[in-house]
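Undergrad: Each chain, written out:
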Amino acid sequence: MKSGNYFTKLALFLLVASAFITGCDKKNSQSGNAQNDKIIGEEVAILTFAPDVPPPITRNHATKMIVNLEVIEKEMEMMDGVKYNFWTFGGQVPGKFIRVREGDLVEFHLKNDPSSKLPHNIDLHAVTGPGGGAVSTFTAPGHETQFSFTALNPGLFIYHCATAPVGMHIANGMYGLILVEPKAGLPKVDKEFYVCQGDFYTKGSYGESGLQPFDMQKALDENPDYVVFNGKVGAMSGENSLKAKVGETVRLFVGNGGPGLTSSFHVIGEIFDNVYPEGGSTLNHNVQTTLIPPGGSAITEFKLNVPGDFIMVDHAIFRAFNKGALGILKVDGAENKSIFSGQQDDRIYQPEGGAVQSMPETNAAPAKPLSKSEKLELGKALYSSTCIACHQADGKGIEKAFPPLVKSDYFASDPQKIIRAITHGLSGPITVNGKLYDGVMPKQSLSDNQVASVVTYVLNNFGNKGGEVDAEDIAKSRK
Amino acid sequence: MSFLYSFPGLCQGKSDITAMAKIKGGYYTPLYSPNAEQTEVKSFEIDVFPVTNSDFLAFVKQNPEWRKSKVKSIFADSNYLKQWESDFSFNLKIANSPVVNVSWFAAKKYCECQGKRLPETAEWELAAKASETKADASKDPEFNQWVLNWVTKPNPPVLSAVGSTFRNFYGVYDMHGLVWEWTYDFNSALTTGESRGNSSPDNTLFCGGGSFSANDVTNYASFMRFALRSSVKARYGVANLGFRCVK
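Chains V and G, in that order, are what the protein sequence lines are.
Residue numbering for the first sequence follows this note's numbering, beginning at 1 and increasing consecutively.
Residue numbering for the second sequence follows this note's numbering, beginning at 1 and increasing consecutively.
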C-alpha cells in the first residue's frame with residue numbers, strides 16, 4: 001500500500017504550507033493585512049478642488065473606489081495680468097484630492113481631454129506597482145485608460161504626470177494629493193484643508209504681464225520665478241483666505257509638487273501640535289516648521305486658541321514675499337489676552353524685500369512720463385503685488401500693526417507724506433484716523449514712475465479725495 | 001505622372017498630386033540613439049502642406065469603404081473623422097484645415113493612392129529641423145522656444161488652415177505649429193508610459209527629460225513628439241494628429 005507514502009507527503013506538504021502562511025502573515029503585518037481585505041461593494045470617489053477635502057471615510061470595510069480623473073490643458077492666471085499654459089488634473093492646479101481607505105481596491109480611470117495637445121499619464125505614490133501606474137495610464141488626447149491597484153499603505157501621497165519630459169509636465173502643474181486613510185481613520189478635527197506648493201518657471205520675471213512661456217533653462221537651474229500655494233499667487237488670500245474659528249482644530253494636508261524646491265512649511269503664529277512628517281505614520285509634536293520635499297507631503301494639525309490672520313509660508317523666506325508662497329488662514333472668535341496679549345511686535349512679519357539693503361543708484365535713462373490712467377493701472381497692479389501684504393486688499397490695514405489707507409487723514413492734507421513713506425520708509429509712532437500706530441514700514445525700491453503710479457492709485461481709491469503725482473515729485477522727495 | 005496601384009479594389013481613381021518640395025539627404029540623430037549614432041536619410045520629396053479635409057474628401061469619395069459610417073473598426077476607432085458632419089460633408093470653415101482624427105491605416109492608404117507613402121520618422125524629423133531661414137535650426141534657441149510654445153498650448157477650437165504657420169527653408173509649410181503628423185514607423189518610437197524606467201537591456205531607450213542617453217535633453221519639443229507617437233495606436237483618431245506624404 002502506498003498510504004504510508006501518501007500520509008508522509010501530506011504531512012510534509014502541510015508543514016511547508018503552514019510555513020508559507022506564517023511567512024505571509026509576517027509580511028502582511030507590515031502593511032496591515034491590506035492585501036487580504038475583502039472588497040465589499042463599490043462607490044465613485046468624491047474628488048475636490050483645493051482647498052477643499054472630501055469628507056472623512058466612515059465605513060469600516062474595504063471597498064472598490066472608482067476614481068475618474070481628467071487631464072485638461074488650459075490657460076489660466078498665475079497672478080494679476082500674468083497668464084500661463086497650465087496642464088491640470090481636473091482643471092485646476094493642484095489636481096483634485098482623492099480620498100480612499102487602506103485596503104481599498106481603486107479602479108482608476110484617466111481621461112485625456114480631446115483638446116489636449118499632448119499625451120499624459122499618472123504616477124500615484126500610493127500605488128505599489130510599475131511606475132506607480134504610469135505605464136498603464138499613458139493616454140493619448142481624446143482617450144481614456146484604466147488600471148486598478150490596492151492601497152496597501154496608509155499615508156498622504158503625491159500623484160503627478162510622468163510623461164516625457166517629466167520635469168516639464170510637473171512644472172506645468174500636473175500634481176495633486178491622494179490620501180489613504182489608515183483603517184482606524186484619522187482623529188476627528190473641525191476643519192481640514194488641502195494645500196499644495198509648487199514652483200513655476202517663466203520666461204519673464206515675477207509679475208511680468210502677458211502669456212508667459214515655460215523657461216526650461218530656469219527649470220534645469222532650479223531657479224523659479226513663482227513659488228505658490230494652490231497654483232497661483234493669492235490662491236489663499238483676500239477673499240480666498242481659509243476660514244476657521246477660535247477653539248477649532250485644523251488639519252492641513254500639505255503637498256509639494258515641486259518640481260525643484262523643498263518646502264519649509266510654517267504657519268506664522270501657530271505651532272503644529274501634531275505633524276505626520278512626510279505624510280507617513282510617525283507622529284511628531286510641537287513643530288514650528290516642517291520639511292516637505294518635492295514629490296512629498298506632510299499632515300499638520302493645530303488647535304486655534306486666539307483670533308487673527310495666520311499666514312502659511314515657505315520659510316525659505318524670499319519665496320514667501322517675493323515669489324508668492326503665502327496663504328492666509330483667517331480665524332474669528334474671542335480674544336484670549338493671556339495666551340496672546342496683542343502686542344504688535346509679536347504679530348509683525350517684516351517683509352525683507354530688496355529695500356532693506358540700499359542698492360547703488362544706477363544711471364538709468366529717464367523713463368517716459370505716464371498718463372493718469374496709465375498710473376492708475378500700474379498703481380493697481382503694484383498695490384496688489386506689494387502693498388497688499390500689510391495694508392490689505394481693502395486698504396484697511398491691520399489693527400495696531402499696519403495703518404489704513406482708507407480715508408486716511410495721515411496724507412489727506414499732504415501727499416508728500418505718503419511719497420516719503422514709500423521712498424524713505426517710516427518708523428516711530430504716528431496717528432492715523434485717531435488711532436496710534438508704532439511700527440516700521442520698510443522703504444520700497446521702486447522707480448519714480450512706479451511710486452508716482454501707486455501713490456496716484458491710493459489717492460484715487462479707498463475713499464480718498466483724488467489727485468495725481470508725477471515722477472518729478474517723487475524725484476524731488478528723494479533729495 | 002506617378003504610377004497607380006494595379007490591384008483592383010485597392011485604390012480607386014487618382015487624386016490631384018499636391019505640390020512637393022525636395023529635401024536634401026542628410027543625417028538625423030534619433031533622440032534615443034545609443035552613442036549618438038546617426039541615421040542616414042536619403043534625399044526625398046515631401047508634401048508642401050499637410051493633407052486637408054478637402055483633399056481627404058476627394059479620397060473618400062473615390063474610395064467609399066473609407067467613409068466614416070463604413071470604415072472597418074480594425075482600421076479606425078470611433079473618433080474617425082469626428083469633425084465631419086457626415087460621410088461626405090463637413091463645415092466649410094475646416095475645408096483647408098489639416099484633416100485630423102484619421103487613423104494611420106487611413107493616412108497610409110491615402111498616400112498609397114497618390115503613388116506616395118507616409119514619411120519615415122527620420123525623414124520627417126530631418127525636414128522638421130528647418131526654420132524659415134536655416135536647413136538645420138536644431139541648435140537655435142529662438143526656434144526651439146517657438147516650437148516649444150506651440151507644443152505647450154491646448155488645441156484651438158477650430159484648426160487653422162494649412163499654410164498659416166510658417167514656411168521653412170525648404171519651402172515646406174506647417175512642420176510645426178499646426179498638427180502632429182503620422183509617420184510610417186511611429187511605433188518604433190522609444191518611450192513608454194513609464195518614462196523613467198531603467199529596465200535594461202533597453203535602458204538606453206527609456207527615460208524622460210534629463211536622461212543621459214537622450215542626445216539632446218534640452219530639445220523638449222522632440223521629446224514631446226516621441227511621447228505623442230508612443231501614446232497612439234495605428235487605428236487611433238486624435239484631434240490634433242494629421243499627416244502628409246512623401247516619395
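Think of the hints as simulated: they come from the structure by calculation, not from any bench.
Quick caveat, the model's predicted, so the values are computed rather than measured.
Treat the hints with caution; some may be incorrect.
Stated by the list, open to error - With a cut-off of at most 27 Å between alpha-carbon atoms, the simulated DSSO-like pairs for lysine-lysine come out as follows:
#1 V:K203 <-> G:K42
#2 G:K109 <-> V:K117
#3 G:K93 <-> G:K42
#4 G:K68 <-> V:K111
#5 G:K233 <-> G:K134
#6 V:K74 <-> G:K233
#7 V:K368 <-> V:K380
#8 V:K203 <-> G:K93
#9 V:K111 <-> G:K24
#10 V:K117 <-> G:K42
#11 V:K203 <-> G:K247
#12 V:K372 <-> G:K108
#13 V:K117 <-> G:K24
#14 V:K83 <-> G:K153
#15 V:K74 <-> G:K153
#16 V:K368 <-> V:K243
#17 G:K93 <-> V:K117
#18 G:K134 <-> V:K111
Unchecked claim - A few chain G positions that, by computed beta-carbon distances, are all more than 10 Å from chain V:
#19 K42
#20 F75
#21 D87
#22 E112
#23 Q145
#24 A161
#25 V238
#26 A239
No residue lacks a Cβ here, since even glycine has one placed at the ideal position from N, Cα and C.
Undergrad: If a hint holds in the structure, say so; if it doesn't, say that too.
TA: Going down the list of hints, with the structure as the test:
| no. | hint | verdict |
| --- | --- | --- |
| 1 | V:K203 <-> G:K42 | 38 Å, violated |
| 2 | G:K109 <-> V:K117 | 25 Å, holds |
| 3 | G:K93 <-> G:K42 | 38 Å, violated |
| 4 | G:K68 <-> V:K111 | 24 Å, holds |
| 5 | G:K233 <-> G:K134 | 33 Å, violated |
| 6 | V:K74 <-> G:K233 | 25 Å, holds |
| 7 | V:K368 <-> V:K380 | 19 Å, holds |
| 8 | V:K203 <-> G:K93 | 35 Å, violated |
| 9 | V:K111 <-> G:K24 | 41 Å, violated |
| 10 | V:K117 <-> G:K42 | 31 Å, violated |
| 11 | V:K203 <-> G:K247 | 40 Å, violated |
| 12 | V:K372 <-> G:K108 | 62 Å, violated |
| 13 | V:K117 <-> G:K24 | 30 Å, violated |
| 14 | V:K83 <-> G:K153 | 12 Å, holds |
| 15 | V:K74 <-> G:K153 | 7 Å, holds |
| 16 | V:K368 <-> V:K243 | 44 Å, violated |
| 17 | G:K93 <-> V:K117 | 21 Å, holds |
| 18 | G:K134 <-> V:K111 | 39 Å, violated |
| 19 | K42 | 29 Å, holds |
| 20 | F75 | 17 Å, holds |
| 21 | D87 | 21 Å, holds |
| 22 | E112 | 24 Å, holds |
| 23 | Q145 | 7 Å, violated |
| 24 | A161 | 19 Å, holds |
| 25 | V238 | 5 Å, violated |
| 26 | A239 | 5 Å, violated |
Against the hints set out earlier in the document, violations occur for numbers 1, 3, 5, 8, 9, 10, 11, 12, 13, 16, 18, 23, 25, 26.
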